[in-house]
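With chain A's structure known, arrange chain B on it following the hints.
Protein chains: 2
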Amino acid sequence: MSKVNVWLYDNLLTPDPNDFYGKVKPQGTLRNNDIADAMVKEGTEYQKETILNILDRSDRIKVSKLVEGYSINTGVCYSHIGINGAFHGATDRFDPNEHRITASFTSSTALREELKKTQVEIIGAATTEPVIGKVIDNLTKAEDSTITPGNVIVIKGNRIKIAGDDSGVGVYLVDQGTNTRCKCEQIVTNEPKQLMVMLPDLPAGNYILEIVTQYSSNNSTLKEPRTTPFEHVLIVE
Amino acid sequence: MSKVNVWLYDNLLTPDPNDFYGKVKPQGTLRNNDIADAMVKEGTEYQKETILNILDRSDRIKVSKLVEGYSINTGVCYSHIGINGAFHGATDRFDPNEHRITASFTSSTALREELKKTQVEIIGAATTEPVIGKVIDNLTKAEDSTITPGNVIVIKGNRIKIAGDDSGVGVYLVDQGTNTRCKCEQIVTNEPKQLMVMLPDLPAGNYILEIVTQYSSNNSTLKEPRTTPFEHVLIVE
Numbered sequence: 001m002s003k004v005n006v007w008l009y010d011n012l013l014t015p016d017p018n019d020f021y022g023k024v025k026p027q028g029t030l031r032n033n034d035i036a037d038a039m040v041k042e043g044t045e046y047q048k049e050t051i052l053n054i055l056d057r058s059d060r061i062k063v064s065k066l067v068e069g070y071s072i073n074t075g076v077c078y079s080h081i082g083i084n085g086a087f088h089g090a091t092d093r094f095d096p097n098e099h100r101i102t103a104s105f106t107s108s109t110a111l112r113e114e115l116k117k118t119q120v121e122i123i124g125a126a127t128t129e130p131v132i133g134k135v136i137d138n139l140t141k142a143e144d145s146t147i148t149p150g151n152v153i154v155i156k157g158n159r160i161k162i163a164g165d166d167s168g169v170g171v172y173l174v175d176q177g178t179n180t181r182c183k184c185e186q187i188v189t190n191e192p193k194q195l196m197v198m199l200p201d202l203p204a205g206n207y208i209l210e211i212v213t214q215y216s217s218n219n220s221t222l223k224e225p226r227t228t229p230f231e232h233v234l235i236v237e
Numbered sequence: 001m002s003k004v005n006v007w008l009y010d011n012l013l014t015p016d017p018n019d020f021y022g023k024v025k026p027q028g029t030l031r032n033n034d035i036a037d038a039m040v041k042e043g044t045e046y047q048k049e050t051i052l053n054i055l056d057r058s059d060r061i062k063v064s065k066l067v068e069g070y071s072i073n074t075g076v077c078y079s080h081i082g083i084n085g086a087f088h089g090a091t092d093r094f095d096p097n098e099h100r101i102t103a104s105f106t107s108s109t110a111l112r113e114e115l116k117k118t119q120v121e122i123i124g125a126a127t128t129e130p131v132i133g134k135v136i137d138n139l140t141k142a143e144d145s146t147i148t149p150g151n152v153i154v155i156k157g158n159r160i161k162i163a164g165d166d167s168g169v170g171v172y173l174v175d176q177g178t179n180t181r182c183k184c185e186q187i188v189t190n191e192p193k194q195l196m197v198m199l200p201d202l203p204a205g206n207y208i209l210e211i212v213t214q215y216s217s218n219n220s221t222l223k224e225p226r227t228t229p230f231e232h233v234l235i236v237e
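Chains A and B, in that order, are what the protein sequence lines are.
Quick note on my numbering: the first sequence kicks off at 1 and runs consecutively.
Quick note on my numbering: the second sequence kicks off at 1 and runs consecutively.
Just chain A, same shape as in the assembly (with noise of 0.2 angstroms):
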């Protein structure tokens, strides 16, 4: 039986103090490399190099099929591609502007049966940490979605502001591809609350936003900075 903890965390967008919401305290990323590795510890008779191989080729022929418009459905998730944006009549063409071609993904019914079963521990509320709770593209005002290179983003939350001489303090995007840090120069606003962040020159990719601080709300400064991770993806395209 799996179990995870929560933390609980003030609802900025209520007037009521008592309203809380809930994140997964976060274990780490696993990558297909990390899996192959846990078929071998649990014990196969493949090698770690057979599965990582198998692994990474069946992700690149998912992909080609989804884009084809199959469906693909595995033991973790069901995926098919589809198309937004309004046709203008019967006649009308396809627009890359105006039109775009996005893959949506439902969790299996393995998955579901597991979330069901999972133990769910509230560790309490997170009152004394940083919370990151949106980010906005100051450019094209998405939110929690996609960001600009070089824009600036708002980043709010509580506890946020960047402080301490610890040389890792600072605002970070993670590739997710690459598993990549790339650091911002430049934060034009840095208060509490709120944080205005020049992005530097990124490559198109999947972003995990982190603040690095050693801030802490009642004017001392930590010791040991304290890294704390956006939980939504960030898109640059």
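If you are wondering where the hints come from, they were derived from the structure by calculation, not from laboratory data.
Every clue listed holds true.
Just so you have them, the derived chain B footprint on chain A, three or more residues with Cβ under 8 angstroms:
1. 20 to 26
2. 41 to 55
3. 58 to 69
4. 93 to 99
5. 104 to 115
6. 203 to 211
Please read these numbers as outputs of a predicted model, since none were measured by experiment.
The beta-carbon is built from N, C-alpha and C at its ideal position, and this holds for glycine as well.
Same frame as chain A, now just chain B:
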């Protein structure tokens, strides 16, 4: 370079007769078995059984890691779990009636890159085919999401009346885990734009709704029944 065909459908939600939306023409559903076949067909040193075994095991490991709070990043999608529902006060407990652990998914960078490169061909307005627009659970009023066994669902659309003397005509739910097709024996309302159907006693799972009919809007009956799947997965919890 991949290419998808897109049908256009009259948008029933707007009065504008020139307002259309697109649907990618479905190519079928692929499971791990089909992915393994595709890999063998490409050419590989591995046996199909090896590939299938590794894909099934990796799915099980991914599910078990997700429900422990890990994020999983593959070449297809990025996934993690979260918790829905409000907590009333910092000492509130987890209540399965109010709170729910769910998984969310984002397309990987590789998938998004391929979607961008995909050629789209508009193959015209699909005006003669049945169109399923919306499926409503009459008990919970949930739209295009959960359905309740032993209760009525409302299907809205165009040309969806069940007609014809072929033994195959009717409303079906296809279990996406097992591919089992379950026929709904009791059709309460049967009109061109609306069906009300009593659901049989379905096990928990993800289902695709299909209507099979010889109905035609010009008062004739089609010689052969045609099968129309609904694009959204319907969930029995």
